[in-house]
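Sequences listed follow chains A and B, in order.
Here the working numbering is used: the first residue of the first sequence is -15, the next is one more, and so on.
Here the working numbering is used: the first residue of the second sequence is 34, the next is one more, and so on.
Derived by calculation from the structure, the hints in this document are not laboratory data.
Derived Cβ-Cβ restraints for the label pairs, each shown as a range:
| # | chain 1 | residue 1 | chain 2 | residue 2 | range |
| --- | --- | --- | --- | --- | --- |
| 1 | B | 105 | A | 75 | 46 to 52 Å |
| 2 | B | 396 | A | 75 | 40 to 46 Å |
| 3 | B | 392 | A | 70 | 41 to 47 Å |
| 4 | B | 366 | A | 82 | 41 to 47 Å |
| 5 | A | 64 | B | 296 | 30 to 36 Å |
| 6 | B | 279 | A | 85 | 15 to 21 Å |
| 7 | A | 70 | B | 188 | 29 to 35 Å |
| 8 | A | 90 | B | 246 | 38 to 44 Å |
| 9 | A | 96 | B | 79 | 51 to 57 Å |
| 10 | B | 367 | A | 90 | 37 to 43 Å |
For glycine and all other residues, C-beta sits at the position ideal for the given N, C-alpha and C.
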Amino acid sequence: MMMFQKAITLKKTPKMITYAIKVNAFMWLAITILLLSSMSSTVSAQTNKLTAERQHELYNMVRQDCGSCHGMTLKGGLGSPLLPDDLKSKSIDFITLTILKGRPNTAMPPWNEIVTRNEARWIAQQLKKGAFK
Amino acid sequence: MKNNFFKINISAGILVLSSLFLTSCSNINTITSAKNNSTVEKPLRATGDLGLIIERATGQVLVINNTHKTRLAEISGLGDLSHASIVYSRDQRYAYVFGRDGGLTKIDMLKDKIAKRILQSGNSIGGAISQDGKLIAVSNYTPGGVKVFDAQTLELVANIQATQMPDMPRNKDGSIKRSKVVGLVDAPEQRFVFSLFDSDEIWVADFSNSTPKSKYTLKKFTNIGRAPYDGLISPDGRYYIAGLFGEDGMALLDLWHVEKGVKRILDGYGKGEKRLPVYKMPHLEGWTMAGDYAFVPAVGEHKVLVIDTKTWQQAGAIDVYGQPVFVMVEPDHHQVWVNFAFPRNEKVQVINTETKKVTDTLEPGKGVLHMEFTPRGEQVWISVRDKNKVKIYDTKTHKLLKELPAKSPSGIFFTARAHKIGL
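Bound-form chain A, shown alone (with noise of 0.2 Å):
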C-alpha cells in the first residue's frame, strides 16, 4: 500500500517524477503490479481497470460459463438474451448486481465469489456495448 500511494505521488509532482525515473525497472514492474491489483480488488467502481489478461479470462467466461445458459452468443436459453437490444432498459447498477447478487427463485446464481464487484461492472458495461457477440 505504501507503494500505491507514492505511485500516485509520483505522477503529480515532477521533481517526483526525475526521481521516479532512477528507480530500476524491477520497482517499476511492482508497482504497476500493486497498482492494477488493488485497483481489481478495491471497489474504484469508475476506473475499471483489469489487466488485458483478466480481461481476456473475463470475455472467455462470459462466452464459455455464462454461455451454457444464456448461449454462446448471449442470444439467450435457460438464461434469458444479454444482448444489448435485450438489457436497453436496464442499468448498469442492475447488472452489475445481478451478476454479483444472482435472481432468487431463479437458474440465475450469484457470481460474487468468482468475480469482483469491478469486474461485473466491467462485463455490464461490455453487455450493454455488445463487446461478447
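Once you have looked at the hints, place chain B on chain A.
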C-alpha cells in the same frame, strides 16, 4: 457385346487418363484396379465405430473413428453449437445435430457432408429420434414446444406448442411466452417424453396412431415439481425421470403405467444443507444404473446421489470434488465417471459402483465438458474445452492413451447411440 466392350474401354481409358492426371507419378497398381473395376475405387467405410465431436465455438463437428482413435474430417456451417446434441439414424449413416440457434442439421457420415440443414426455431436445446427411426423431435426454448420432423426429408410433421406463460415477460414480437421444453427423450411405442421448465409439467406425445387428421395424442402431467431442468429414461424405456431445479427431488413417470401418474422421488434430499450457487445445470443423460442402484447428480451440492431403484428412495450420497454435471456409467456398469461444473471443471472422478466410493481423480484440464464411452467401454473420450483437446483414457488403467486436437470441444457422440433407447 461389341458396343459394351467399346464403352468399357473408353471409360477405362478415361480413368487411366484421369488417374495419370491426378497422380503425378503414375502408380501401376491404381491403374490396374481402376481398369478392372471400371470405377475409381474409394475405400469402403463402415460407420459403426465412428462418432462426431462438437466444436462449439466454431460451429463445426469432427468426424472421428474410435477404433483407430483418429480424426477423419471436419464439417463446417452448423451455426451456434454452444449447446448441441446429436442422435443417429438406425442405419448409423446419418447424424442429426441439434444446435442452440434452432438449427437441425442432418450429416451424412459416409460422405462427411451436410445432407440437409434447416432452422426450425429461434432457440433449441436438444432432440430425439423415434422408435421406428422415422421421426426426429426437437425441444425448443423459443418458441417453447416440440417440433417433429420427417427423418428423411426434415419436413415438419407436427408442432406441439408448450403451455402459455402469461405472467412471464412477452416475446419480442409481443406474443405470450410459452414454457421452455427440456429433457426430451424417445420412448417405446413411438412416444416422445419431455418436461416443461416454466410450467412444471411432463408431457407424453404418442405418435403410434398417426392418422391424416391427427398425428399424435398428448398426455399431460401437471404440478410435477418446480422447474424440471432435464430428463432421462431408463435403458429399457420404462421409467422417465425429470430432475428438479426449483426444489430438492425428482419426478418419476412409469411409462408402463402412465395412469398412475408422476411420482415424487428423493423428496427433500439435502434438506437443511445450504445449496451452493449452481454455475452450470447438471445433465441427465442416459441412465446411470448399476445393479439396483441409479447414480444421479445432486443440484448445488458436491455430491452424487445413489437411488435404490426398487424403492426409489435415496440409498446414499457420495462426496465428490465439485457439483456434478455428467454422471456416466461404463457400459459394463462397473464404474461411474463424473465431471463438474465451473469453476471446478478441470477434474474427473471415477466411482466404483460396488463400493460406491471415489477410486480415482483425473485432471484432464480446464473445461471438461463431456465424456463418451466406446460401445463396449474399453475407452472413455473426454472433451477438454480450454485445452482444445479430446483426451482418450483407458477405463481399466485410467491411463491417457491419446490426445486429439479439437477446437473448444464439447459433446462427444458415437454412432453406437443409434441403437439405444433414450439416446
